[in-house]
Structures are given as C-alpha cells and as structure tokens.
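*Asks:* Single-letter residue listing:
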Amino acid sequence: MSSRSVIAAKNLTKIYGKKSSAVKALNGIDLEIQRGETVAIIGKSGSGKSTLMHILALLDSQTAGRVEIGGQSTTRLKMRQINRLRNRRFGFVFQQFFMNARDTVLNNVMLPLKIAGVRKSERKRRAMEALEIVELTAKAKMRANDLSGGEKQRVCIARALINNPAIIFADEPTGNLDSATSQAVEDLLFDLNKKKDITLIIVTHDADLAARCDRQLYIKDGKIISNVADDNKGKRAARDENHTFRPGAMRKTVGLSHKRSAGQGGRIL
Amino acid sequence: MKLIDIIKSANSNLLRNKGRTFLTILAIFIGSFTIIATSAIRTGVNGYIDKQMDSAGGEGYIEIMPQAFQEIMQSVMSFGSNGPTEYDPDKNSTEMTIISADDMKKIAEIDGVESVKGARMVEAEYVTSDKTDKKYLISPHALPSTRINIDIAEGRLININSHTPEINLQPGYATVLGYASDADIIGQTIQLAIVEQATMKIQLVEAKVVGVLNKSIINMGRSWINESLQDDILDVLYAGMPSSYRDMTMLATAEWDTSLGDDGLDRIKDDLEELGFVGTTINDQVGMIKTFFDAIILVFTIFGGIALLAASIGIINTLFMAVQERTREIGLMKAMGLGKGKIFMMFSIEAISLGFWGSALGVGVAYLAKAIINPLAANTFLKDLPGFNLMEFDILLLVYLVALVMLIAFLAGTLPARRAARKDPIEALRYE
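Keeping their order, the protein sequence lines are chains A and B. All letters in the first sequence, in the order written, are residues 1 to 269 by my numbering. All letters in the second sequence, in the order written, are residues 270 to 701 by my numbering.
Same shape as in the complex, but just chain A:
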C-alpha cells in the first residue's frame, strides 16, 4: 500500500435485507485512492455507486470488508471517533446543497466548525477565509436563500473546505446547475484539488465532470467494472499505476464507451 493512500476499500460488501430478499448492493469492492487524486464514481441508479460513496464517507456501514482511512482500518472505530473523523477529515458537497435557507451564508459555512466546537471568533475568521476562496466574501451576511444556484454550491464548497479536509465527497455537485455555472463550480473544485491537495471523490452523471477526474470508476451491480486512470492527465499518471485493477473489470461495455463518446456536455448512463 502506498504511503500516500488517503482512503481504501478492501473487499467491500454491502447486503440489504435478509436471506431470500437479500440484495447485494456492493459485491467485493477493492479500491485505493491516493492523496490529491480526483476520482469520479459513475454508474446507473441502483448500481451501488451511492452506497459506495456513503460507506467510504463512513455514513453507512459495510456488511463485510473494510474501509481504511490513511492506512488505518475504520472497522473498530467507535461512533464518536467516526463522527470526529468525518468532521475533521471530510468535506461534503451535495447536489441539493442542503443549506439552512433562512440562515446567513456565514452561518452556513461555519456549521462544521460549530459542530467541531471551535470558538466563535475562530469560526468566523476561517469561514471568511473559506468564502474568500470561493469569492463570496461580499455575500457573507446574505441569507442563503437569496443566492443563485451557482453561488449556493460555492457556499457549500466553502463549507466543505472550512475544516481543511483531506477528502471532499461530492454527490452530483453540478446536477442542479446550468452548464456555465457547472463549469465554474468544477473549476473551483479542481482548483482546490490542485492548490490544497484535497482528494476529490465525485459521484456524477456528468461525462465532462467525470472526464476531468484523474480516474473514473464505473460501477455496475455492486462491482467496479472499469477503473480507468486517465493517462492524459499526466500529472498523476505515475501514481495511478499502483491502483488495484480487477482483472475482469477492465472490459468496457459497448454502450458505455458509446455513451461516453456521445457527448460533450451530455450525460452518461
């Protein structure tokens, strides 16, 4: 295992229901993501991609296998420690933003630090720093509801990066935005990735967004069917060689490649 491994999954399995009605949402996922990598998780709805992200983000627990954060297994961690880990090491960006619409932008951005128990003056200082990165300092005092969609997502990004996370989990971050705004939000995320070396794990339908990532994980029926490191990215190509490729997973379905090639700006799957 690489010393730069930030998060890894070992034979991750998730089964919903019991016995006869059991559904395997994840079926033996092996995965290792390096620090500073950008990974897109792609799959149809019901493929298990959301479940994978939830388990990686320690929001859900696996039936079998394990998740390692920074080389440490999380299996035996207590709820408290897991909460702490999520609070300190992860940032979350959602398609639907999930903000307190009536609260101010500043308060929304400060929320993770409030949860962490950081004192108010410090919270404010760091929130303003985060807002500066997303270029929304001028709107700190505005109500979240009064912002445009793109601004809302930028606030969410500010909120996600306020605790200097190692990983940002983004669930369809551009799903609710028009293409121009999407572009700005994507630029912001990748910029953060470059400048702050924050690992991005993005669940998306957006082919453009997926293509911008260092690696694309295609999930089907709870398995990784394709784990593509984009060599064109150059910068991280060397590191990607270590990635666990599952022998059978390399085959690309015709439909998949067809759809991928089908559209700039279109949506895959």
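Among the hints, a few may not be true.
So the derived label-pair ranges between C-beta atoms look like this [what the hints assert, rightly or not]:
(1) B:R289 <-> A:S121: 30 to 40 Å
(2) B:G288 <-> A:S121: 50 to 60 Å
(3) A:R125 <-> B:L666: 40 to 50 Å
These are calculated hints, taken from the structure and not from any lab test. Since this is a predicted model, take the numbers as computed values, not measurements. We treat Cβ as the ideally placed atom computed from N, Cα and C, and that holds for glycine.
On the provided structure of chain A, position chain B as indicated by the hints.
*Replies:* Same frame as chain A, but now just chain B:
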C-alpha cells in the same frame, strides 16, 4: 458542538416558526399561570391567616363541645345522606348534648387544664344609642379567654372580671351609633336590645364601650363582652324561666398549661374524648378552614396540571413537526460529524426552552396580575381586612414550578428528540 452553541441553535430554531412556537408557549403559559396564580392566592390567604393566628396567639385555650352535639352537627352537615341512625341513649340523648355542672368539674380535673368556663348562648336583637334612633344588628360574644390577643384599634380590651358591663365593638359601629369617631365612643354607654325568650318582650341592656376592635378574621365579626354584661343579658333572655335554662351550657372553654406543648394538648384532647367531649383549639378550627381552602386550591392546581399535560402534548407535536421539517438539516449535521447525543440535546433544549418561556411568561403575568388584583381586592372585598394581600409569591415555589415545567417539557421532548437523534443521515439526505 459546545453547549452554548447547542442552546443558541435550539433557541434560534424555535424562532424559525414563531407562530407555532408562540402557540405552544401560550399553552404552557395557561397551565403554568393557573398553578402560579392559585398557589399565590393560597400563599396569600394562608399567610394572612397565619399572621392573624400569630397575633391571636390562640393556642392557650380549648373550646369544648359534647361529642353528641358534634354528631348532630355532622348529621346536619351530611344533609341526611347517611340515612336514619338508630337512637342510642348513651350517645344521642339530649342530656348528652349539654355540658352539666358535673361535667365541668370533671373537665377542670383533667391534668393540664387550668380553668374551664361555660359559654352561654347570648343573643341581642339589635344595638342602639342615645344619639340615634337607628338600630343595628350586633353579635355579642363573651370573651372565652384572655389568652386570645385581641387587636384593639381604639381604647382597651374589656376587663372580664369587672363588675361594669363592658363591650368591645366591631369597627364601624361608632359612626352609625352617632359618634364622630372610634375615639369618641370610648367610655360611652350604648343599649343592647334583648328579647325575653318567654314573653318576646324587648328590654334594653346598657353596655359601656371600652374599646373598638380592628377587623380580623379571628374575631369573626363578634363584639366581645365581659361576664358582667353577659349576666345582664342572660337575666333578660331567660327572665321568668327556670334557672336550669339559664345555666345550660353547650360549649365550654378551658385554658390549659401551654408549657405542656403539643403532646400535652393531645393528651388533654384524649382525656376530653374519654369524657365524651371534643376539644378544639383555634388552630384546629382555622386548620379546618385551611383544609377546605386547600381542597379548592387543589382543584385549580389539578386544572392547571391538566392544562400542562395538554401543553406537553403540544410540545411533542411541535417538536415532531420540527424534526420532520428539519430532517435534511439533521442529516447534514450528522454527516458533518454531529453525534446522536448532541442532536438529542438540541431538541431537548428546544423543549426545555419552550417550558422555560411558557412558565416564565406565567410568572411574569402572575406578577402583573398581583400588581393589579391586590390593590383591587384590598379596596373592595378585602377592604375591612387590612394587611390581607390576596396574592403572595413564594419565590422558592416559583423556582420549583419553573423547574418542574421545564422537566415536564424535557420529558415531552424526549420522544421527538429521540426520533431526531436516530435519523439516518443517508435517509435524511435522500432527495426524491
């Protein structure tokens, strides 16, 4: 998350839906206010009675009544609901309802009893004076014991043993009897009209006013007379009748050695019971009034309690709605690492805050009510009872009540708070 931040969040969450929060607080307020106001009246009334009792000192004497007489009273009080009772000569004979001279002797012999005096039924038709033609009703009563501290507004207390017929009048008589003030009537002679029981003829008996009383519940509207005046009145009342009529006693008053304390008093009461009598001190009598009053207060407190119960269902309802509305927010905060306990605490504090504001509003409005009602009462139906504050607050009781309401609110809040704490962040953040 720090406690202060949790409290702040809880309170700002309450302000998000002001109307709903206000209505819930209003419901809690109604229950709290009912309890606070009734308990304030209880404190006020009991405080006044105690004050009067303290000034009356009344523990030094015992009023003695035959048990048979008390039973008759009780059967009257029960409105015959107990049905016919079989006659028992040992309990129900007329002889048993009076206190004979022999009984008096036996009572006097009880250990701890210092003296015993028979009280006689004294009745006056009216009172009048030389200065007026008008006639007024009066309730003269022989002072049973000098151990009662009688509150005198003007003049002095009657001298029980004086040979001059003396009277202490209730306030207000001086002016209606034609005198400029209470001071002016002191030393003057007034006339009590007494009806001869045998002939129904009215005769006037002279009485010297030596003092005017302050209004007090202990006096119960009675004008105190000394033995000399009592004798004069009895002479008229029972004129032409056998002396046994005149001497018939249904009520006696014994003075006892108060140094024996409560145990001694209980023993004297037991001895009296063995002789077939019931002994009650003024404290017992006031105690009965208090018990009756407390029963009324209890009913109102129960009403308040029911209102609080309904209000706590309101709290549950409000918070369930809040949990429902804030599902996403709860999910988000959990995803961001806020623990179950903190989420539970946040909603519990919301519930507790509702309880606090509701009961605090109750306290505030009760203070306002006191400021309005006390002077109003003092100027109307409590006009003649100076120093009687209808509502009085027992600060400690208020603190307890607010704490109790907060506890009730907390308990009501545990249900929705638990639901919030158990929310699965993935479920909560699922977007349909």
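*Asks:* Can the suggested window of 30 to 40 Å be confirmed for the beta-carbon pair R289 of chain B and S121 of chain A?
*Replies:* holds (33 Å)
*Asks:* Looking only at beta-carbon atoms, does the pair R125 of chain A, L666 of chain B fall within the given range of 40 to 50 Å?
*Replies:* Hint holds: Cβ distance 47 Å, inside 40 to 50 Å.
*Asks:* Look at the Cβ atoms of G288 of chain B and S121 of chain A and judge whether their distance stays inside 50 to 60 Å.
*Replies:* Hint violated: Cβ distance 34 Å, outside 50 to 60 Å.
Consistency with the previously given hints fails for number 2 only.
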